[in-house]
Amino acid sequence: MSTTTTPDCKVHPGNPVESFLRTDRMPHIWCPGCGIGTTVNCFTRALIDSKQDLNKLAIVSGIGCTGRVAGYVNLDSFHTTHGRAIPFATGLKLASPETTVVVYSGDGDLFAIGGNHLIHAARRNMDIKVICVNNLTYAMTGGQTAPTTPEDVITATAPYGTYDPAFNLPYLVEAAGAVYVARWTTFHVKQLARSMQEMFAKKGFGFIEVVSPCPTLYQRRNKMGDALDTMKFYKEVSKTKHGAPTSEVGLTKSGEIVVGKFVDRERPDFTTHMHEHLQHSLGDKYIPAEGPVCG
Amino acid sequence: MHADPVGVLTGAHFMDGDHAACEGAIAAGARFAAGYPITPSTEVVERFSNRAPRIGATFIQMEDELAASIAILGAVWGGVKAFTVTSGPGFSLMMEHIGYAVMTETPCVFIDVQRGGPSTGLPTLPAQADMMQVKWGSHGDYEIIALCPNSPQECFDLTIQAFNLSEKYRVPVFVMMDEVVGHMTEKVVIPSADKIEVEPRHFTTKDKSSFQLYAPVGEEQTPEMTKVGEGYNVHVTGLTHDERGYPNMTPAVQERMVKRLVTKIRDNAEKICIVEQNQVEGADVVVVSYGITSRVAQRAVEMARAEGLKVGTLRLITAWPFPEHIFRALAPKVKGMVVAELNLGQMVREVSRCAEGKCRVAAVGHAGGTVHNPQDILKAIQEVAR
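Protein chains in written order, with numbering that gives the first Met the number 0: chain A, 0 to 294; chain B, 0 to 385.
Watch out, some of these pointers could steer you wrong.
Quick list of in silico lysine-lysine cross-link-like pairs, DSS-like style, CA-CA up to 30 Å [stated by the list, open to error]:
no. : chain 1 : residue 1 : chain 2 : residue 2
1   : A       : LYS222    : A       : LYS50
2   : B       : LYS270    : A       : LYS55
3   : A       : LYS202    : A       : LYS231
4   : B       : LYS332    : B       : LYS258
5   : B       : LYS334    : A       : LYS284
6   : A       : LYS222    : A       : LYS240
7   : A       : LYS189    : A       : LYS231
8   : B       : LYS332    : B       : LYS357
9   : B       : LYS270    : B       : LYS167
10  : B       : LYS186    : B       : LYS205
11  : A       : LYS50     : B       : LYS207
12  : A       : LYS222    : A       : LYS284
13  : B       : LYS205    : A       : LYS55
14  : A       : LYS55     : B       : LYS258
15  : B       : LYS207    : B       : LYS186
16  : A       : LYS50     : B       : LYS378
17  : B       : LYS270    : B       : LYS258
18  : A       : LYS284    : B       : LYS357
19  : B       : LYS258    : B       : LYS309
20  : A       : LYS252    : A       : LYS238
21  : A       : LYS231    : A       : LYS252
Quick caveat, the hints were computed from the structure, so don't treat them as lab data.
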């Protein structure tokens, strides 16, 4: 069992996760069998293994089930408005460049109401790390159709099945400019934790999609079994294809789930590029912002 | 404390209200702005984009006003003073983040250069029709502070005030300009940095175990701040929360928290409010106005005085919190009040409410697009004086 050197965060040898959580906020709101807790476990594992200075890491969430992650982790944490975690994180990162900023939110929050912000942050290559828990539905509000819901799925607002096409998240995010794009399911806990660690170490806009069950609303309504059945399903249909063309990794209701690291490329992040550009344009007159000043 | 001299352009300038507001923000210590272009406010961020890399500040043009209005809140928690600027439709888009800033007690400044509406309305022409929206536009109960400059000089001065008040009360503060004030060019005197009073952010000095992000301090009933990276591991949420910042969605916590958000401003309203009064003592009629309309009304008042009428003026520099105490005291002493504003009746509702029927209250409305004809205000003065 590893231990961290972070001052405020002694890891208990018996339970590596506990010190990362606001235990005084337990029990959490997530349903039995929900995958969000599993992703948080992987997140804390990634923090331990990457030896992140937890005082220099902030987490920003939007609204929804995954939006509640910010409230349970013992970090500087921001539970923002619906869809706006990324522009909040953008302001936070620019004002405090030495802080690692993680956006932890759901598919509806990031790709429907917040979709515009996501593509622009990827375009800018803002140095923020996005963990998107994709449960294929709006879970907090009762299981309505999301832009990620595959076709022919029963939802609270599609009682006869969905017929509008879903987004292929890795394809969209790659096209918008992200430098790191990966997808795992909540079955792939080791791979997910390693992938998060890899993303933290990479400068620029990183994105990990975690396909995750919502047994209460998605699986049950579509007669796909319980949480354990979903784990078996993920195990059966997942295929690891690192470097797979993202155009070919779209999800369907019961077809193959392509997982792996799809994109890992180099491009100057927003802040680095801005400094270089302004230095070139203004020369000696350029005074870079030096993080927090509040005179 | 005094302003940081790095950002202060000391001297006499000839500049418009938009540019002056930008200089006010810089003098107040703003080192971050996020914006989205919209007429007639864009010049504020155009100037900031020019100035920022020379003063250690950051400007980012966001993808829309939703993004701009929350990027500034992220920046504030990153430890800087931040503002955004908009007008009309952009202001409508920002409403949710006004509520978020109120709820999370995030000090910040919004500059709204008002244009004619509703909807796209009159992009290049003035109005003062966002005065109720700024107070009531976001959902739920809340109080904010709104200031109304009537000259480029005041755009500079009041933008500094806006930042100072936002830090003092941890509340979003609004500089409610209008297109005419924003685009009018006049002399603006910027004092030396040591003559500019700046309210610093009240960062806590408590240790992590005793600090509570939402525990009120002092007669401002306002908690101390922190920023990311200090080890406080704060939780900031728009959900109803307790003093630790933890979500707690019970009627008791809602009552305690929302009441404090409101009373920290209401209980301090007399300290916050600034009005400018002229010849109000012994007046029969008092003309109430703000922003550009106060300068048009002045002409009507002079004409009325030339006719021998006893007319005073009362200019709202602070529109919100509304200076109730002043109107309640004034109403029994005058025949009536004439409220001139570039809308079809907004702040006049507050004047009527506080007059409590003790004097006549006449509205001189205008749908916007230009300023009033002073004759219209004069007519109302004559009518009320009769």
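Quick rundown of the hints versus the structure:
no.: 1; hint: A:LYS222 - A:LYS50; result: violated, 42 Å
no.: 2; hint: B:LYS270 - A:LYS55; result: violated, 39 Å
no.: 3; hint: A:LYS202 - A:LYS231; result: violated, 35 Å
no.: 4; hint: B:LYS332 - B:LYS258; result: violated, 33 Å
no.: 5; hint: B:LYS334 - A:LYS284; result: violated, 60 Å
no.: 6; hint: A:LYS222 - A:LYS240; result: holds, 28 Å
no.: 7; hint: A:LYS189 - A:LYS231; result: holds, 16 Å
no.: 8; hint: B:LYS332 - B:LYS357; result: holds, 9 Å
no.: 9; hint: B:LYS270 - B:LYS167; result: holds, 12 Å
no.: 10; hint: B:LYS186 - B:LYS205; result: violated, 45 Å
no.: 11; hint: A:LYS50 - B:LYS207; result: holds, 22 Å
no.: 12; hint: A:LYS222 - A:LYS284; result: violated, 65 Å
no.: 13; hint: B:LYS205 - A:LYS55; result: holds, 19 Å
no.: 14; hint: A:LYS55 - B:LYS258; result: violated, 34 Å
no.: 15; hint: B:LYS207 - B:LYS186; result: violated, 49 Å
no.: 16; hint: A:LYS50 - B:LYS378; result: violated, 75 Å
no.: 17; hint: B:LYS270 - B:LYS258; result: holds, 19 Å
no.: 18; hint: A:LYS284 - B:LYS357; result: violated, 61 Å
no.: 19; hint: B:LYS258 - B:LYS309; result: violated, 42 Å
no.: 20; hint: A:LYS252 - A:LYS238; result: holds, 15 Å
no.: 21; hint: A:LYS231 - A:LYS252; result: holds, 15 Å
In summary, the numbered hints that this structure violates are 1, 2, 3, 4, 5, 10, 12, 14, 15, 16, 18 and 19.
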